[in-house]
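Asks: Could you put the whole structure together from the sequences, leaning on the hints where they help?
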Amino acid sequence: MSGFTISRRKMLAGSAMLLASTAMPALGWAQTPKKGGRLVLAADSEPRNLNPAIVASNGVFFISSKIVETLAEASFDGKDGLAPRLALSWEGVDDGLSVTFKLRDGVKWHDGKPFTSADVAFSALQIWKPLQNLGRTLFKDLASVETPDDLTAVFKFAKPTPFQLIRNALPALSSVVPKHIYEVGKIEDNPANNVPIGTGPFKFGEYKAGQYYKLTKNTDYWGKDEPYLDEIIYQVLPDRTSAASALEAEEIQLAAFSAVPLADLDRISKVPGLKVITKGYEGLTYQLVVEINHRRKELADVKVRQAIAHAIDKDFVVKTVFLGYAATATGPVPKNDPQFYTADVPTYAFDVAKANALLDEAGYKKGPDGKRFTLKLLPAPYFNETKQFGDYLRQALAAIGIDAELVNNDSAAHIKAVYTDHAFDLAVGPPVFRGDPAISTTILVQSGIPDGVPFSNQGGYKNDALDALIAKASETLDTSTRTDLYKEFQKEVAADLPLINVAEWSFISVARDTVGNIANNPRWAVSNWADTYLAG
Amino acid sequence: MSPLRRFLRTPEAIAGAILLGALVAMALIAPLLFPGDPQAIAGPALLPPFQDWSLPLGTDRLGRDVLAELFHGARTSIAVGLAAAVAALAIGSVVGTLAGFAGGLVDEVLMRITDAFQTVPSFLLALAFVSVVGPSLGIVVIAIALGTWTGPARIARAEVLSIRERDYVASARAIGMHPLEIAFREVLPNALPPVLAMSSVIVAAAILTEAALSFLGLGDPNRVTWGGMIAEGRAVLRTAPFLSIVPGIALVLTVLGVYLAGEGIVETTAVKRGLS
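Those protein sequence lines, which keep their order, are chains S and R.
Here the first sequence stands for residues 918 to 1453, where the numbers follow the working numbering.
Here the second sequence stands for residues 44 to 319, where the numbers follow the working numbering.
What the hints contain is simulated information worked out from the structure, not anything from laboratory work.
Every residue gets a Cβ at the ideal spot worked out from N, C-alpha and C, and that includes glycine.
One or more hints might be untrue.
Claimed, not checked - Coverage of chain R stretches by chain S, computed from C-beta distances (three or more under 8 Å per stretch; other residues unrestricted):
#1 76 to 83
#2 98 to 107
#3 173 to 181
#4 211 to 224
#5 256 to 267
#6 273 to 279
Replies: Below, the structure written as structure tokens:
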């Protein structure tokens, strides 16, 4: 709202805000998109490699998804939950051996060269399949990509690959990078990994370590009239407590990925001009999981694992650790997943007496000091909530006579300790559910994964029946049979507890109410923001 | 006049003694007043102070009793402060005595090592050491001692340099005592008083360093520490400031107490020397 003229509409809007601030803090009102402006937002990490085709992770997407686009993006109302980006349509063949993409016409790279199917073929075969953290498993059977013309790419698979899986993977795994930039030299060392070149609505502008990333408008973008913003500045604010004050001081207009601590949301939702938005992360569900090292003889006993599950008060965790901004979990697929989730699995109600009985039954009686055995507990340091849950879990285990010794590490040391050295008994981890169990969920429990692969089964768990189920589901083409197999998978995991799913959470954005078109898709924070605008 | 009464003559010393006494009392009665695990969940989360008299200082983000944590945190602070000071004084006086008594090349080598340690900021040294070895109470004590032993070492050396020329040292040599025996049985005990005068500064610094390490998440996670409590409370500083303020005040009072008592001791010894 610029100027000092007072109009009826603004008065109404103002009084609506007053009402809204007491009742519904996140209420907005209709605004027409406006061109121009600079959006300043908080960034809490500074990824060095900004190539989303190699590092498919939310920290990288947060910045690079505005520069490098994928074939399709997640959508609330699109068919199969997808909206077209670089691809206009995708079609699978019934035998599961090929998928045809029709590409968008008239798209140009930021350096002016035209975008063609050759770029898609190069990205898929040279980067997604051999180099990408998630693509390595998903595209392992990709044999070739045929390019009959500049706007058609046909993926050929050596083994049948379910079309549903490919579809579900498109938003996160299909970042297309320019062939003419990457075909020279080693892909991992390409300077474009730090200064990305893409087709997206924003070009990479500048990066000052410890200060900011600047993205500038791509005036040649394929979207009509898009993007609206002239610039996006990612202000590096590694300290989580500073984002809230920066928002209040109007230094930044947006803090995504829960940069504002949950405990501060209640207070900040009452600040005039700021809104708290819980939507826009539906496709990025994080799961709070207790990872178990099955090499410990006590933990190899399913009764002990069940006892631990019974000892955890999931409602307390959601209410106290997440302050209500989470849901309790029943199994390895989150409740908000529309395709695969089933509630029909064994559950473990909070019951300390039963947990104690199970441990007695398993033969681990309490010693004279009230302790049964001692475990090493490693909470992942990435989130406040994982650390706090670690503190809670230690108390919950103490109540059933298990003495847990907390070991705090920084991120690098935690990943090494858990996923390479296996120097843990219990760990608290936050794996991500990415819309299909085959993308990053089955890997948490299947056996035969080499040491050192982060966010995979490194607890030495081996269950032949479960492995067979996962293998069968990965080559089942029929969507409904495949979905049923994954429901079976959820039951089996909940019954045998290779790991314990405690809660599911997503993130919260806090923005000034001038920022428009927020949270309009399920992966909003990591989508391209072509239609995001600043009013007033 | 007895040393104690002489000590209690200055108001600083009285204030310091009261503060330290309270701290020691807190540490001693903590297990009696709050038996069991101080980190156990005792009530609803984020209860403000003075609301519920069974939890007088309220609860933290998980519902743990802040008062119980405060009392048990005093134990950690005292333990770390004393252990680090003892370790630093022990290393420092041994190194200083050896350097001062042996002289020559040994002196050069030991003092250059001391210089090397002294040029690195002691907090950075502790930070680096703990992040490499991993946080636990013993490691934190060693890390703090690593950065603080240089002061005692230099003072001990200076004292030894003057003492070793005294007649009784010469006579010890004359009766054929082993040089090491002379150094540690004759010289060191006489060089100690000025070194010990540093102890209050070292204890105060050690308590602060431990709190700072815990604040940065490098304390022992299995123990309550005041620094850790402040760090925990920082995330909710705007909504529940008492979580940071309460342990912060405790920390300030403790360091103040140690410092004032230290001043008192210095005054007392100075007066004694002046009288004799």
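Asks: Determine which of the earlier numbered hints do not hold for this structure and return their numbers in increasing order.
Replies: Number 4 only.
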